[in-house]
Each structure stands twice: as structure tokens, then as C-alpha cells.
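Take these sequences, add in the hints, and give me the full structure.
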Amino acid sequence: AQSVAQPEDQVNVAEGNPLTVKCTYSVSGNPYLFWYVQYPNRGLQFLLKYITGDNLVKGSYGFEAEFNKSQTSFHLKKPSALVSDSALYFCAVRDPFYGGATNKLIFGTGTLLAVQP
Amino acid sequence: NAGVTQTPKFRVLKTGQSMTLLCAQDMNHEYMYWYRQDPGMGLRLIHYSVGEGTTAKGEVPDGYNVSRLKKQNFLLGLESAAPSQTSVYFCASGPLGTSGANEQFFGPGTRLTVL
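In the order they appear, the protein sequences are chains A and B. Start counting the first sequence at 1; every next residue gets the next number (this note's numbering). Start counting the second sequence at 1; every next residue gets the next number (this note's numbering).
Since the hints were made in silico from the structure, they are not lab data. Don't take each hint at face value.
What the hints assert, rightly or not - Computed list of lysine to any residue pairs in SDA-like fashion (alpha-carbon distance at most 25 Å, straight line):
| no. | chain 1 | residue 1 | chain 2 | residue 2 |
| --- | --- | --- | --- | --- |
| 1 | A | LYS22 | B | ALA101 |
| 2 | A | LYS77 | B | GLY40 |
| 3 | B | LYS71 | A | ARG42 |
| 4 | B | LYS9 | A | VAL27 |
| 5 | B | LYS71 | B | GLU52 |
| 6 | B | LYS57 | A | SER3 |
| 7 | A | LYS49 | B | ALA2 |
| 8 | B | LYS71 | A | ASP95 |
| 9 | B | LYS9 | A | LYS58 |
| 10 | A | LYS49 | B | LYS9 |
| 11 | A | LYS49 | B | LEU96 |
| 12 | B | LYS57 | A | SER26 |
| 13 | A | LYS49 | B | MET41 |
| 14 | A | LYS58 | B | GLY3 |
| 15 | A | LYS49 | B | ASP26 |
| 16 | A | LYS22 | B | ASP38 |
| 17 | A | LYS58 | A | GLN71 |
| 18 | B | LYS9 | B | THR113 |
| 19 | A | LYS22 | B | GLY42 |
| 20 | A | LYS49 | B | ASN28 |
| 21 | A | LYS58 | B | PHE105 |
| 22 | B | LYS9 | B | GLY40 |
| 23 | B | LYS57 | A | VAL27 |
Stated by the list, open to error - Stretches of chain B that chain A covers, calculated by requiring three or more beta carbons in the stretch to come under 8 Å of a beta carbon on chain A:
| no. | region |
| --- | --- |
| 24 | 39-45 |
| 25 | 101-115 |
Beta carbons: idealized from backbone N, C-alpha and C, even for Gly.
Have a look at this one:
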């Protein structure tokens, strides 16, 4: 079955330290991968995506993600965390079953990032 | 542009009552989606639409119906609400694309409680 896993329910990091939020996937074919962020009482906001090309993808708010095909991972990273980065982060992959006809996504369960001052 | 809007923002229902959630987008997107978000389960797709007049079932469609009579609107209906439908509901939209490479744009959510 096609799936996305976020193995950590919560990640704690001190402000100024680097952060990593992990994501692994299991899909057939070439994966199209996405990261979204959800601030409290808000909808999801798109951060970045990997479709093809360079394995290191840069996105909004200083975030980047590294695609690793051999490890089937797409970890989200930021060199220096801010308290304002505290939010719920979702990894998602395009549902390959429907091809590109629907842009359907399969979401992970989310990781709560808590940045302490 | 307002993007994706949802009404209402909050609602409390009694078991067996019905209601309709409205989603509207002003980005001229072809695709629209309804998700529910529950703790520890991420987002699960309820129904989706790839164009005006078309709808399809997602991962958890039971107990819900949808309609897309106008391109900019996507309605989610609960005919007879159950406590298991207590959740936060998100609508999303996305542009036409055959590759699946386009991101989705989300509304602010509707928090529904069924007593």
C-alpha cells in the first residue's frame, strides 16, 4: 500500500539549533513529495515540494528538504530554528494510483515541532 | 484574493441532525477536496472533485455527500450526523495538471462537534 510515515509525533529543539523533521515514504514509481505546515487553528500551508532534479529542495521560511531515494526519505530541515517555527508539519506524497489526473495526496500523521526559547 | 474560504468556522450538532459545509475558492482551480483531520491520523480524504459537476469518493466517504454545481464551490453534506463525525474539516483546491506536481491550497477549517 502507498503510505507516508512520520516516525516522530513531536520534535523538540532549542531556538537557534538546527532542526530535522523526518518523513519516509512507500509508493510505486517516482514519488512527488510535499511538506505542509499548520499553525494553530489554521489551515495547512505549502512549504516545498520535490518533483525531480536536485535532491535538496528549498522552500518557504528558510526550510529545505532532502530527497534520498535509496532511503526513501524526504526529511525537512532548517539550519537555525525560530520559536515562530513551532507548528504541526505534514509530509505528503502524490497518490500514484490515480496518476496525475487528480493531484490527490496521501498525508502522514504529522509531527509537532516545539521550539523552546 | 481570498483564496479558499470555509463556512461555518464552528458548529455543534446533535446526533441525527444534518448540515452542509460550504467551501469557496477564487483561484479558478479545477480540483477541490474535502478532508477531515483527527488527532494522530493526519488528514484523510473524504471526497474530491476534478471539475464542475463531477465528484468522487476518497478514503473515508461514508456518511458524507458532496456537490460541485459551480466551479468555485464545493459543498460537503452530513445527512444524519454521528459522534464519529466530530472532527476538523478542511477544504482544499488545486490547479489543473496532469502530472500531480501541483500543491493544494487549504481553507482555514471547520470545527464540528456532534453530541
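Taking the hints in turn, this is what the structure says about them:
The suggested pairing of LYS22 (chain A) with ALA101 (chain B) holds, with an alpha-carbon distance near 21 Å, which does not exceed 25 Å. With a C-alpha separation of about 22 Å, the suggested pairing of LYS77 (chain A) with GLY40 (chain B) holds against the 25 Å cut-off. Restraint check for LYS71 (chain B) and ARG42 (chain A): the C-alpha separation of about 24 Å stays at or below 25 Å, so the hint holds. Restraint check for LYS9 (chain B) and VAL27 (chain A): not satisfied, since their Cα atoms lie roughly 35 Å apart, outside the 25 Å limit.
Only pairs whose Cα atoms come within 25 Å are accepted, and LYS71 (chain B) paired with GLU52 (chain B) is accepted, the gap being roughly 5 Å. For the hint pairing LYS57 (chain B) with SER3 (chain A), the CA-to-CA distance comes to about 18 Å; that is within 25 Å, so the pair holds. Restraint check: the Cα-Cα separation between LYS49 (chain A) and ALA2 (chain B) comes to about 23 Å, which is no more than 25 Å; the hinted pair holds. The hinted pair formed by LYS71 (chain B) and ASP95 (chain A) meets the criterion: a straight-line CA distance of about 23 Å does not exceed 25 Å.
With a C-alpha separation of about 33 Å, the suggested pair LYS9 (chain B) and LYS58 (chain A) falls outside the 25 Å cut-off, and the hint is violated. Our distance criterion of 25 Å between C-alpha atoms is broken by LYS49 (chain A) and LYS9 (chain B), whose separation comes to about 29 Å. Between LYS49 (chain A) and LEU96 (chain B) the CA atoms are separated by roughly 17 Å; this keeps the pair inside 25 Å, and the hint holds. For the hint linking LYS57 (chain B) to SER26 (chain A), the alpha-carbon distance of about 22 Å falls within 25 Å, and the restraint holds.
Taking the CA atoms of LYS49 (chain A) and MET41 (chain B), the gap is about 22 Å. The hint holds against a cut of 25 Å. Pair hint LYS58 (chain A) plus GLY3 (chain B) holds up; C-alpha atoms about 24 Å apart against a cutoff of 25 Å. Our distance criterion of 25 Å between C-alpha atoms is met by LYS49 (chain A) and ASP26 (chain B), whose separation comes to about 23 Å. As the CA atoms of LYS22 (chain A) and ASP38 (chain B) are separated by approximately 20 Å, the hinted pair is consistent with the 25 Å bound.
Between LYS58 (chain A) and GLN71 (chain A) the CA atoms are separated by roughly 20 Å; this keeps the pair inside 25 Å, and the hint holds. For a cut-off of 25 Å, the pair hint linking LYS9 (chain B) to THR113 (chain B) stands: about 11 Å separates their Cα positions. Among the hinted pairs, LYS22 (chain A) with GLY42 (chain B) is consistent with the structure: their alpha-carbon atoms are about 15 Å apart, no more than 25 Å. This hinted pair checks out: LYS49 (chain A) and ASN28 (chain B) have alpha carbons roughly 22 Å apart, not beyond 25 Å.
For the proposed pair LYS58 (chain A) and PHE105 (chain B), the alpha carbon gap of about 19 Å is at most 25 Å, so the pair holds. Restraint check for LYS9 (chain B) and GLY40 (chain B): satisfied, since their Cα atoms lie roughly 22 Å apart, inside the 25 Å limit. For the hint linking LYS57 (chain B) to VAL27 (chain A), the alpha-carbon distance of about 21 Å falls within 25 Å, and the restraint holds. Using a Cβ-Cβ cut-off of 8 Å, 6 residues of the region 39-45 of chain B lie near chain A, which meets the minimum of three, so the contact claim holds.
Check on the region 101-115 of chain B: 9 of its residues sit with their Cβ under 8 Å from a Cβ of chain A, so the three-residue criterion for coverage holds.
Of the numbered hints given earlier, the model fails hints 4, 9, 10; all others are met.
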